[in-house]
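Whenever a hint applies, use it, and build me the whole structure from the sequences.
Chains as they are written, first to last, in the working numbering: chain W, 58 to 299; chain H, 1474 to 2100.
Be aware that a few hints might be false.
Said to hold, decoys possible - Computed spacing ranges between beta-carbons, pair by pair:
(1) H/P1688 / W/K263: 36 to 44 angstroms
(2) W/D72 / H/N1766: 39 to 47 angstroms
(3) H/Q1475 / W/D72: 56 to 64 angstroms
(4) W/H137 / H/P1808: 45 to 53 angstroms
(5) H/G2005 / W/R152: 26 to 34 angstroms
(6) H/G2005 / W/A224: 23 to 31 angstroms
(7) H/K2019 / W/K82: 37 to 45 angstroms
(8) H/E1841 / W/E214: 49 to 57 angstroms
(9) H/E1664 / W/L186: 50 to 58 angstroms
Unchecked claim - Computed cross-link-like contacts, DSBU-like style, restricted to lysine-lysine with a CA-CA straight-line distance of at most 30 angstroms:
(10) H/K1889 / H/K1608
(11) H/K1682 / W/K74
(12) H/K2032 / W/K183
(13) H/K1775 / H/K1838
(14) W/K238 / W/K276
(15) H/K1648 / H/K1574
(16) W/K140 / H/K1982
(17) H/K1574 / W/K183
(18) H/K2008 / W/K140
(19) H/K1690 / H/K1807
(20) H/K1682 / W/K183
(21) W/K59 / H/K1682
(22) W/K134 / W/K59
(23) W/K74 / H/K1807
(24) H/K2008 / W/K167
(25) W/K134 / W/K82
(26) W/K134 / H/K1922
(27) H/K1775 / W/K74
(28) H/K1752 / H/K1574
(29) H/K1751 / H/K1838
(30) H/K2008 / W/K183
(31) H/K1807 / W/K82
(32) H/K1807 / W/K140
(33) W/K67 / H/K1807
(34) H/K2019 / H/K2035
(35) H/K1690 / H/K1751
(36) H/K2019 / W/K134
(37) W/K59 / H/K1807
(38) W/K140 / H/K2019
(39) W/K134 / W/K67
(40) H/K2084 / H/K2053
Rather than coming from a laboratory, the hints here were simulated on the basis of the structure. A virtual CB, placed ideally from N, CA and C, is assigned to each residue, including glycine.
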Amino acid sequence: MKYITINNRKVPFEDEKNLLSVIRKAGIDLPTFCYHSELSTYGACRMCVVEDDRGRVFASCSETPRDGMVIYTNTPKLQHHRKLILELLLASHCRDCTTCRENGVCTLQKLARQLGVDDVRFQNTKEQLPKDTSSNCIVIDPNKCILCGDCVRTCEEIQGVGVLNFAHRGSNMRVTPAFGKPMSETDCVGCGQCRVVCPTGAITIKSNVHAVWDLVYDKTKRVVVQIAPAVRVAIGDKFGIP
Amino acid sequence: MQRIDSREMLNELRHQSKQVVENSRCRILICAGTGCLAGGSGEIYDKMCELIAACPDVEVHFGPEIAHGDGPMEVKKSGCHGFCEMGPLMRIEPMGILYTKVSVDDCEEIFESTIKKGELISRLLYKQNGVEYQKQEEIPFYKKQTRLVLENCGHIDAEHIDDALAHDGYQALAKALHEMTPEEVVEQIYESNLRGRGGGGFQTGYKWKQVARQPEKIRYVVCNGDEGDPGAFMDRSIMEGDPHKMIEGMAIAAYAVGAQEGYIYVRAEYPLAINRLKKAIADAMECGLLGDNIMGTDFSFKLHINRGAGAFVCGEGSALTASIEGNRGMPRVKPPRTVEQGLFDKPTVLNNVETYANVPMIVLKGAEWFKGIGPENSPGTKAFALTGSVKNTGLIEVPMGTTLREVIFDIGGGIKNDGEFKAVQIGGPSGGCLMTPHLDINLDFDSLKKMGAMIGSGGLVVMDTNTCMVEVARFFMNFTQNESCGKCVPCREGTKRMLEILERIVAGKGELADLDLLEELAETITETALCGLGKSAALPVMSTLKLFRDEYIEHVVDKKCKSHTCTAMRNYIINPDLCKGCSKCARNCPVSAITGQIKEPFTIDQAKCIKCGACQGNCAFGAIYVE
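And the structure:
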């Protein structure tokens, strides 16, 4: 049996594809934004950093587990790095939480609270972009996107549609359909899987509740109910079922 | 051109090409590197061709002791001679005369006096400390260098393969193919301890060994010519000046690791390098030095050129291969490493231009010879692009382990306008600064790493006391921020915030707490960024903050910039003793910040002043100074 010493505890492992899986199997909740076991490893959020016995810091999602490794997952140095990374993400993120659809279930919000980020020292100087509400089912708010790329990889690797990708570089980078087209003009099939993986409120399912209420009370209309895939996704989403 | 199908034939062609060179009555080599071309060397070339075409049978006089043949006279476009400060350059062989700062108007005189009568034109010769230098090799700038990789740059016509063949081009490939097994070639490069010249300093032979041992049989050889550091032009000069040397190096690498295809990734900003490489590859294909069954052996190697769109991050290995594949140029997580799964997920040897250019010499002369140059752990020479406030800017090559003092003061000729040396930025945006106490450290991979700097690809930006180090840090941070790919959070968001803080400081709005915040951000970026470029993005700030902390403090506490570089902190003052009250400054002030009575000293309202400097430039009495 092969072992890794995690936080002074000997943890056995077999053929886990990365160190992060071993850590999580040991019951340690290491936060991530961009890691999903069924997607390719992207390695961008850097939240899953760990420290080894020589003080070397590296991301556990992209490290092959080796027998005899000694690592720590929550040293003061790591806590500090994670907190600063979160602060940097929050600084460029729309913080109108009260009106956000994901308020209360947002991973960014949850981790910020959990890791104690209670002060953001930087102004949000990012250019504020309009929401893309053109699609019948998906709403994209680029100002809430943390560029973890989960939606991009899900759309490409799982669904095989490949509607979303990255454009521009550096702090101007954004997730968008090709050539900046609105979602309504893409091949999006409205499966909603991008919403399932999105850790923030950047991708949400379009709400038609108010329009429906109006129609329900419209005496001249007869209302027929059909459950769309998006509804199933929304329910599945709440229970964590993809 | 005939197809070379054996080693004997290569030797025969070398002999013929050598004869042509030796028999030529006179060879005029005009530097056609990017710098000299911008200075007008293209017109000089045309003019000289015209003059010689008009009287092709002119007798050449170089004095009786200079041997020259009776063949035709030749005018050639050479690659970069390196002495860019003095360009456009013209070298006249067989005499070895170097004329500097040549213009089209000088051409006729050169032809009439120097070529026809053998008289030297004093004004075009290089002078230093009152001494006039006739020959290129005697000029201190060249004399103190060891030019091995750049040996042929400036001495051969980069656009004709014959010239390369006359200078032993493809001899190393012939030796490898006919005398050595691939394993022996790998072993020789491994033995020579050649380290990657692109920045990391990783052992080349070890990389080759790893690729050679992969189970996958389709392998690639890739050359990184995406030299993106501001102020660096070593690789460009090699590609422009001696493209065959690098191509030969790649072919040897392909033979050693069993690859049949190679890619050269060159930035599109290097159009001349791309054209010369294209020509060189086409020529080599035609001669059978690339393509199928090279020199009659069963080794085949095809080479492609891939133009990069100019993203700095594409110099990072995995971003570069992604870019060749047609994907977005972003580094990916490792493992798998490039040697295991690189280009098109196949084992890939990825080295930079200068590294490949070193390979033919090692194969020809042996690992022991190579190890005899420079220190044991970083053998060989290194090309540096010397720029900034130094007298002789240009491209130089010195053995590893040469001290900074020798490079800046002996080769570089010291500081421009006899100013005082302040610092040197080494390694571009991933490197650090070194000061006067560091002048005697050796330039090699390990010594520099210990000092918190790195050799990088070899850019050396020399700075005098008129340079503001905070502004230098801001400049590099601006570069890194613009060039960040945007993938990982620390680099994308962290460098943005560091840049904002630095911009605040140079605008005179910084606070002491900002320095701590800079250090905090730098530490997290360095430890957590995804790729090598991200990890080193904060180095210029960290190193200036360590070495020039007093300058930062001066900016945030006293709101002063000693070197008057930071515009926002300049105060333009009129000296009442010198002001004659002519009102010219007031009339030229775009914001009407200057008032006064005619024939009385004028004053500047600091609240209104936008620090444009128009008043100072217009004052005829030198009455306006900057505080």
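Hint check:
| no. | hint | in the structure |
| --- | --- | --- |
| 1 | H/P1688 / W/K263: 36 to 44 angstroms | violated, 50 angstroms |
| 2 | W/D72 / H/N1766: 39 to 47 angstroms | holds, 45 angstroms |
| 3 | H/Q1475 / W/D72: 56 to 64 angstroms | holds, 58 angstroms |
| 4 | W/H137 / H/P1808: 45 to 53 angstroms | violated, 27 angstroms |
| 5 | H/G2005 / W/R152: 26 to 34 angstroms | holds, 33 angstroms |
| 6 | H/G2005 / W/A224: 23 to 31 angstroms | holds, 24 angstroms |
| 7 | H/K2019 / W/K82: 37 to 45 angstroms | holds, 42 angstroms |
| 8 | H/E1841 / W/E214: 49 to 57 angstroms | holds, 51 angstroms |
| 9 | H/E1664 / W/L186: 50 to 58 angstroms | holds, 57 angstroms |
| 10 | H/K1889 / H/K1608 | holds, 24 angstroms |
| 11 | H/K1682 / W/K74 | holds, 26 angstroms |
| 12 | H/K2032 / W/K183 | holds, 28 angstroms |
| 13 | H/K1775 / H/K1838 | holds, 26 angstroms |
| 14 | W/K238 / W/K276 | violated, 39 angstroms |
| 15 | H/K1648 / H/K1574 | violated, 41 angstroms |
| 16 | W/K140 / H/K1982 | holds, 26 angstroms |
| 17 | H/K1574 / W/K183 | violated, 48 angstroms |
| 18 | H/K2008 / W/K140 | holds, 18 angstroms |
| 19 | H/K1690 / H/K1807 | holds, 21 angstroms |
| 20 | H/K1682 / W/K183 | violated, 47 angstroms |
| 21 | W/K59 / H/K1682 | holds, 29 angstroms |
| 22 | W/K134 / W/K59 | holds, 28 angstroms |
| 23 | W/K74 / H/K1807 | holds, 13 angstroms |
| 24 | H/K2008 / W/K167 | holds, 28 angstroms |
| 25 | W/K134 / W/K82 | holds, 23 angstroms |
| 26 | W/K134 / H/K1922 | holds, 23 angstroms |
| 27 | H/K1775 / W/K74 | violated, 36 angstroms |
| 28 | H/K1752 / H/K1574 | holds, 28 angstroms |
| 29 | H/K1751 / H/K1838 | holds, 28 angstroms |
| 30 | H/K2008 / W/K183 | holds, 23 angstroms |
| 31 | H/K1807 / W/K82 | holds, 22 angstroms |
| 32 | H/K1807 / W/K140 | holds, 24 angstroms |
| 33 | W/K67 / H/K1807 | holds, 26 angstroms |
| 34 | H/K2019 / H/K2035 | holds, 18 angstroms |
| 35 | H/K1690 / H/K1751 | holds, 28 angstroms |
| 36 | H/K2019 / W/K134 | holds, 21 angstroms |
| 37 | W/K59 / H/K1807 | holds, 22 angstroms |
| 38 | W/K140 / H/K2019 | holds, 25 angstroms |
| 39 | W/K134 / W/K67 | holds, 22 angstroms |
| 40 | H/K2084 / H/K2053 | holds, 22 angstroms |
In summary, the structure is inconsistent with hints 1, 4, 14, 15, 17, 20 and 27 from the numbered list given earlier, while agreeing with the others.
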